Amino acid sequence: GQNIDQPTEMTATEGAIVQINCTYQTSGFNGLFWYQQHAGEAPTFLSYNVLDGLEEKGRFSSFLSRSKGYSYLLLKELQMKDSASYLCAAPYSGAGSYQLTFGKGTKLSVIP
Amino acid sequence: EPEVTQTPSHQVTQMGQEVILRCVPISNHLYFYWYRQILGQKVEFLVSFYNNEISEKSEIFDDQFSVERPDGSNFTLKIRSTKLEDSAMYFCASSEGTAVSYEQYFGPGTRLTVT
Chain A
5 GQNIDQPTEM TATEGAIVQI NCTYQTSGFN GLFWYQQHAG EAPTFLSYNV
55 LDGLEEKGRF SSFLSRSKGY SYLLLKELQM KDSASYLCAA PYSGAGSYQL
105 TFGKGTKLSV IP
Chain B
2 EPEVTQTPSH QVTQMGQEVI LRCVPISNHL YFYWYRQILG QKVEFLVSFY
52 NNEISEKSEI FDDQFSVERP DGSNFTLKIR STKLEDSAMY FCASSEGTAV
102 SYEQYFGPGT RLTVT
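Chains A and B, in that order, are what the protein sequence lines are.
Per the numbering used here, the first sequence runs over residues 5 to 116.
Per the numbering used here, the second sequence runs over residues 2 to 116.
FYI, nobody ran anything at the bench for these hints, they're computed from the structure.
Please note that the accuracy of each hint is not assured.
Claimed, not checked - Far from chain B, some chain A residues (derived; all Cβ distances over 12 Å):
no.	residue
1	S51
2	Y52
3	Y74
As the list claims (entries may be wrong) - Straight-line C-alpha distance at most 30 Å; calculated DSSO-like pairs for lysine-lysine:
no.	chain 1	residue 1	chain 2	residue 2
4	A	K72	B	K79
5	B	K58	B	K79
6	A	K111	B	K43
Unchecked claim - To give a feel for the contact side, a few chain A residues facing chain B, derived at Cβ under 7 Å:
no.	residue
7	T30
8	S31
9	F33
10	P47
11	K111
Quick caveat, the model's predicted, so the values are computed rather than measured.
Glycine residues also receive a C-beta, built at the ideal position from the N, C-alpha and C atoms.
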């Protein structure tokens, strides 16, 4: 089975840095995705990690440690528009396709 | 930039009625998915579809649900006899290929309210 845990809520200040953690237990490992979801909207892709280490993409970076079953999303220079839920998701293989198991999401509130 | 579209954006129906949710995946994508998100809960996988047949389905996807690709562009989810607990946001997604690294692009969702 797949189990993904992440904190429910976080608050951070505009301009600051925030780290959102995710731990996972999966039967087989196929990498880890991070998605952003604004309230009432669809999830949008942020990053995909399959190898250990940090991948940087502009203000957003994602880290993976396969041995620890751990990932985090790092958001720098926070802006008000970054207020959203951040979803950690693990793909699992079906019959020729990969389905995503999502965590419950971390609701990030950015305050002035 | 190509995007997944869904109609309607909001559907209200009475318990026991049939609903059809429509999706137009990105045109060169081959894999299609339906997910749902009950208010305040996590996004859950329902079904994946490839080459005109179901690839995988979750335990949520029981006999009340069906999917179809009636033509070259549309991908539909039908719920035969809706229940109150089917009230949720339903997201369609598509991906270009089968490799796990292929990003799934999500549509804006259909909010289904069953009364």
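Structure-based check of each hint:
no., hint, result
1, S51, "violated, 10 Å"
2, Y52, "violated, 6 Å"
3, Y74, "holds, 19 Å"
4, K72(A) to K79(B), "violated, 41 Å"
5, K58(B) to K79(B), "holds, 14 Å"
6, K111(A) to K43(B), "holds, 12 Å"
7, T30, "violated, 12 Å"
8, S31, "violated, 14 Å"
9, F33, "violated, 10 Å"
10, P47, "holds, 5 Å"
11, K111, "violated, 10 Å"
Against the hints set out earlier in the document, violations occur for numbers 1, 2, 4, 7, 8, 9 and 11.
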